[in-house]
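Engineer: For the protein sequence lines, the chains are E and R, in the order given.
At position 15 of the first sequence the residue is numbered 15 (our numbering), and the sequence of numbers has no breaks.
Counting the second sequence from 1 gives a position; our numbering is that position plus 1000.
Don't take each hint at face value.
[Claimed, not checked] Straight line, CA to CA, 27 Å or less: simulated DSS-like cross-link-like pairs of lysine-lysine:
id: 1; chain 1: R; residue 1: Lys1138; chain 2: E; residue 2: Lys16
id: 2; chain 1: E; residue 1: Lys16; chain 2: R; residue 2: Lys1293
id: 3; chain 1: E; residue 1: Lys51; chain 2: E; residue 2: Lys197
id: 4; chain 1: R; residue 1: Lys1126; chain 2: R; residue 2: Lys1111
id: 5; chain 1: R; residue 1: Lys1319; chain 2: R; residue 2: Lys1293
id: 6; chain 1: E; residue 1: Lys2; chain 2: E; residue 2: Lys75
id: 7; chain 1: E; residue 1: Lys51; chain 2: E; residue 2: Lys75
id: 8; chain 1: R; residue 1: Lys1126; chain 2: R; residue 2: Lys1138
id: 9; chain 1: E; residue 1: Lys16; chain 2: R; residue 2: Lys1278
id: 10; chain 1: E; residue 1: Lys25; chain 2: R; residue 2: Lys1126
id: 11; chain 1: R; residue 1: Lys1293; chain 2: R; residue 2: Lys1278
id: 12; chain 1: E; residue 1: Lys25; chain 2: R; residue 2: Lys1111
id: 13; chain 1: R; residue 1: Lys1278; chain 2: R; residue 2: Lys1138
id: 14; chain 1: R; residue 1: Lys1316; chain 2: R; residue 2: Lys1285
id: 15; chain 1: E; residue 1: Lys2; chain 2: E; residue 2: Lys51
id: 16; chain 1: E; residue 1: Lys25; chain 2: R; residue 2: Lys1138
id: 17; chain 1: R; residue 1: Lys1293; chain 2: R; residue 2: Lys1138
id: 18; chain 1: E; residue 1: Lys75; chain 2: E; residue 2: Lys200
[Unchecked claim] Here chain R is said to cover these stretches of chain E; the calculated rule only asks that three of the stretch's residues, wherever they fall, bring their Cβ under 8 Å from a Cβ of chain R:
id: 19; region: 11-21
id: 20; region: 59-71
id: 21; region: 93-99
id: 22; region: 111-124
id: 23; region: 199-211
id: 24; region: 217-230
id: 25; region: 235-246
Hint data in this document are derived by calculation from the structure and do not stem from the laboratory.
On a predicted model such as this, the values are computed, not experimentally measured, just so you know.
By construction, the Cβ of each residue, glycine as well, lies at the ideal position given by its N, Cα and C atoms.
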Amino acid sequence: MKILVCISRTPDTTAKIAFGDNNTKFVTDGVQWIINPYDEWYALVRAIMLKERDASTTIHLITVGGADVEPIIRKALALGGDEAFRVDMEPMDSYQVAVQIAQIAREGQYDLILTGKETIDSNGSAVGAMVAELLDMDMVSLATALEFEGSSAIVTREIEGGEEVAEIPLPLVISCQKGMAEARIPNMRGIMAARTKPLKVVPPVEVAPLTGLVSYTLPPARSGVRLVPADQPEELVRLLHEEARII
Amino acid sequence: MSVIIFTEHSNGEIRKSSREALSYGSALAGRMGVSAEAVLLGTVSQDPSSLGIHGVSVVHHCADETLNTADTRRYTSIMAEIATACGSTVVIFPHSMNGKAVAPRLSARLKAGYVSGATRLPDVEKGFVVRRNVFSGKAFMDVLVQTPVSIISVNPNSFGILEGEGIAEVRPYHTSVGAGRVVVRETKKVTGQVPLGEAELVVSGGRGLKGPEHWGLVEDLAGLIGAATACSRAVADAHWRPHHEHVGQTGLAIAPNLYFAIGISGAIQHLAGVNRSKVIVVVNKDPEAPFFKAADYGIVGDAFEVMPRVIDAVRKLRKG
Ligand SMILES: Cc1cc2nc3c(=O)[nH]c(=O)nc-3n(C[C@H](O)[C@H](O)[C@H](O)COP(=O)(O)OP(=O)(O)OC[C@H]3O[C@@H](n4cnc5c(N)ncnc54)[C@H](O)[C@@H]3O)c2cc1C
Ligand SMILES: Nc1ncnc2c1ncn2[C@@H]1O[C@H](COP(=O)(O)O)[C@@H](O)[C@H]1O
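With the hints as constraints, model all of the structure from the sequences given.
Structural biologist: Structure representation (structure tokens):
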């Protein structure tokens, strides 16, 4: 089986969010970058588990981004994966990302393309479905489990208030979330091996974005907590009823 | 010219997030001076003309039972067909599990700019600018759609349900799009509960509750006020509660009117999933718990002493 795992770079979950240049740029000073948690813990680790089960599995990683995302794709290679692509561009929207991934995927003829559920910075939840459409492939979103029977995948996905199990023939795009796998930590051997794994930098295909950024805004700060003494919990209920009018 | 709205149902009932999307689409169509039309795939238990109360004048109804199970690729093809036939310039989806899968596909199909998880109506004065959440609820981003057709998914609980008097004209729609390759084997649904993503009120517990045997404190309050239940990741990881209840950065992001957190520290990753809630109430015995900084109301106290009295007071309120 040939698997392509889509890896994106995001600010660490605790990063301070601030904007400059008239609220059009995310201020990256002091920001720690990580592999998008969904891509790492669920998509990549699930692919690695499949390879551990069947050594003939090939795992390729892809990221769309400038040279500054290279440490992240190396880190992903240290966890596992055979080789990586970096499409050298600074994407403006999810569509531009999807077009680049679809291009590499077309050439590689993968059985399975795995993405994270969403990036924790742009929260689009869009790239995987767009890639599937561009390749005219089926897609399962928000998957929590993945197994195989013959040439079909048996995928469990989240639906409102429950789960659905479906059988779908490969090839397939799957967006992964909690349940697919457990987080792993790269070991020394992986880190050493990652240094010599091929990382191919490829030029982007020319494509215009469909949307553009106007500006960012920070939400208004909450006015502060109103504390109710612990020996008067009834007062909290009164406030929620009479003041907030919520219960 | 029209705004069309993808309308979902579950067990034959129109979903709340779709009613919000219909209301949003109708309000937008009003601003643009065009008609609002619903697209309904599959069979429902009520008369589709009743969707007119949310402002749509037409319901394109594809009453084909095989469409009751979601095949997002097939849905995309049908939506593309109808959007093209109606000359739609805007296609609206609820930002639901299926909406999230179909809307971006349609965007790639129609080469139409997609705004995922809109939190308010587009500004149509200077182009077509839509506000959405980014950085896991820590910021908003205004996005300009640069294509003739726009696709928007509407965040649950961001836009109220508008109800009026209207009756929509139902137009049967026969699609030429055949069955896909997805075979649904099994659907496991917790019935009778408000789906967390759509809930207006949510009561949630953290590791401070010490163990699953104490979840009565969460469930009793939730039951009394008609809330959904949620939990922190630490709780789901410990298998005290099912994973689909876990909210936060790596779980579900929700924006209910009330988020009532009991024994949750309020780690930044937890806040990322709940900070868009309108009113946040925190019960925690540690006055330094970070959650208090994000809360509107709070009690610094032991949940095991505070919550039974809160529950009693709510019970009295309900009876009175
Ligand atoms: C990349 C990443 C992603 C993450 N994603 C998520 C996520 O999506 N969602 C999430 O929730 N977490 C997430 N986490 C974990 C998060 O950092 C916290 O560890 C987690 O939220 C803690 O859960 P908790 O508040 O229930 O437990 P704790 O941190 O153990 O807090 C328990 C709280 O209960 C209080 N307490 C104890 N006893 C009582 C009592 N008797 N009465 C009242 N209060 C009491 C304590 O004062 C304390 O504040 C993530 C972490 C990382 C690194
Ligand atoms: N720049 C990128 N390069 C590679 N993969 C990406 C990129 N951006 C997003 N993805 C993948 O698409 C998923 C969904 O991203 P998004 O649509 O931005 O929420 C992510 O979890 C990644 O797996």
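Engineer: Take the hints in turn and mark each one as holding or not.
Structural biologist: Hint-by-hint comparison with the structure:
1. Lys1138(R) <-> Lys16(E): 9 Å, holds
2. Lys16(E) <-> Lys1293(R): 15 Å, holds
3. Lys51(E) <-> Lys197(E): Satisfied, since the Cα-Cα distance of roughly 16 Å is no more than 27 Å.
4. Lys1126(R) <-> Lys1111(R): This hinted pair holds, its Cα atoms lying about 21 Å apart.
5. Lys1319(R) <-> Lys1293(R): The hint is violated at about 33 Å.
6. Lys2(E) <-> Lys75(E): 21 Å, holds
7. Lys51(E) <-> Lys75(E): 18 Å, holds
8. Lys1126(R) <-> Lys1138(R): Status holds; Cα separation ~25 Å.
9. Lys16(E) <-> Lys1278(R): 22 Å, holds
10. Lys25(E) <-> Lys1126(R): With Cα atoms ~21 Å apart, Lys25(E) and Lys1126(R) stay inside 27 Å; holds.
11. Lys1293(R) <-> Lys1278(R): Holds, at roughly 14 Å.
12. Lys25(E) <-> Lys1111(R): It holds: about 26 Å lies between the C-alpha atoms, which stays within 27 Å.
13. Lys1278(R) <-> Lys1138(R): Satisfied, since the Cα-Cα distance of roughly 14 Å is no more than 27 Å.
14. Lys1316(R) <-> Lys1285(R): 25 Å, holds
15. Lys2(E) <-> Lys51(E): 10 Å, holds
16. Lys25(E) <-> Lys1138(R): Between Lys25(E) and Lys1138(R) the Cα gap is close to 15 Å, so the pair holds against 27 Å.
17. Lys1293(R) <-> Lys1138(R): 14 Å, holds
18. Lys75(E) <-> Lys200(E): 15 Å, holds
19. 11-21: As far as the region 11-21 of chain E goes, the hint holds, because 5 residues have Cβ atoms under 8 Å from chain R.
20. 59-71: Result for this restraint: violated, n = 0.
21. 93-99: holds (count 4)
22. 111-124: holds (count 5)
23. 199-211: Check passed, 4 qualifying residues.
24. 217-230: holds (count 11)
25. 235-246: It holds: at least three residues are needed, and the region 235-246 of chain E offers 8 whose Cβ sits within less than 8 Å of chain R.
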